[in-house]
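Engineer: If you read the sequences in order, they're chains L and E. For the first sequence, counting from 1, position 217 maps to 217 in our numbering; every step adds exactly one. For the second sequence, counting from 1, position 170 maps to 170 in our numbering; every step adds exactly one.
The set of hints was computed from the structure by calculation and includes no laboratory data. Among the hints, a few may not be true.
What the hints assert, rightly or not - Keeping only pairs whose Cα atoms sit at most 30 Å apart, straight-line, the calculated DSSO-like set for lysine-lysine is: (1) 39(E) to 172(L); (2) 67(L) to 186(L); (3) 39(E) to 132(L); (4) 4(L) to 172(L); (5) 73(L) to 95(L); (6) 139(E) to 39(E); (7) 218(L) to 172(L); (8) 172(L) to 3(E); (9) 134(L) to 140(E); (10) 150(E) to 39(E); (11) 140(E) to 155(E); (12) 172(L) to 132(L); (13) 218(L) to 67(L); (14) 172(L) to 139(E); (15) 134(L) to 172(L); (16) 132(L) to 139(E); (17) 134(L) to 3(E); (18) 3(E) to 132(L).
Quick caveat: nothing in here was measured; it's all calculated off a predicted structure.
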Amino acid sequence: MIDKIVPSVEAALQGVPDGATVMIGGFGGAGQPAELIDALIAQGACDLTIVNNNAGNGETGLAALLKTGRVRKIICSFPRQVDSQVFDGLYRAGKIELELVPQGNLAERIRAAGAGIGGFFTPTGYGTDLAKGKETREINGRMYVLESPIAADVALIKAEAGDRWGNLVYRKTARNFGPIMAMAAKLTIASVHEIVALGELEPEHIVTPGIFVHRVVKVPRTATGPAGFKQAA
Amino acid sequence: MQKLNRNQMAERVARDIPEGAYVNLGIGLPTWVANHLPKDREIFLHSENGLLGMGPAPAPGDEDYDLINAGKQPVTLLPGGAYFHHADSFAMMRGGHLDICVLGAFQVSPGGDLANWHTGGADAIPAVGGAMDLAIGAKKTFVMMEHLTKSGESKIVERCSYPLTGIACVSRIYTDLAVIDVTAAGLKVVELFNGLGIDELRRLSGVALIA
């Protein structure tokens, strides 16, 4: 019997090697798998390359991982936020490498890796500093930039519900990078708030089919908190 | 010279968004447009983090931080709205499916080049987000900005000195002084606010303007 459900976040993070490229889902706080990040910190892998849209908020989650000093490089689109003080400090001290990627290129590069695409031409960024040194081509009268796929050793994603085959559904805009990161990693680990029996997820509604998911772990439901913006006083 | 205030600017932009349009409002000043969309038009708001049919901010106490906009603020979803992942969301932009996006700007050139993501300062931490995808993706890119910097310099410039977001991507500029179209022949003034004269606008802008 195939059962991708593991009993704990510790078991879920087993075997993440030093030097791994780790994708972490989430856009600000929504979809950020905080329990899996905490377990990665406890697991102790170092010299990591992290792929996320942002670079951590406040002092928890991804920010706490950065604070351990075990992240060598981050690939993201929007590191600077009102509450990105941990990243800001590391960056200014030259202690972390930043690869800045336009958000849509980031998403498509992840998707490309998951879909077996060796690269793609995109109009985004053409003529800007973020396309410097990259191959360009005119296609049907428009200029495009060649972008490469981003693959990962591990993806940590947060979903709403899953079953033992690894099928997943998400909650609202917490979906964001989950489905594409699940496709792009050799080992995809999903946290869910609910584990359901096979067949309970409506087949027409499954967002990530289980083929893209290797381990599923249940974590208690906690309300997602605000992150990444200046709140009115 | 009487400048439009932010609500008046937002109201002016909103007037040009037609029934049925798929629209992305950028972070900052453009988000004000949402409050002024004509109530008798059905307009679809897109947010790049993965929703279409975005509604207004929730009532205090009803915030759900799994339902946020591109600025990471809590929002609501209208009946008929949809969620999707990031690659689909940016396919909506890059694939030319959005009708209009409204963006803030540091600088715009007569050729429609846009600079709005980075001041290029040595100490500034760069962050681009979806700005470059939005600038080149929508069928029409509107810029909404104050005409002059705080020190009185024109933000419409012959050549952008800040790092570019996109090349030849802006179709129309809404400022607190005027509405200006980017055309093959150059910048064409569509509307002047509060009795401002074209010669005064030319003097303030420092670039060629077609009346």
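Engineer: Broken hints, numbered, in rising order?
Structural biologist: Violated: hints 3, 8, 10, 12, 15, 17 and 18.
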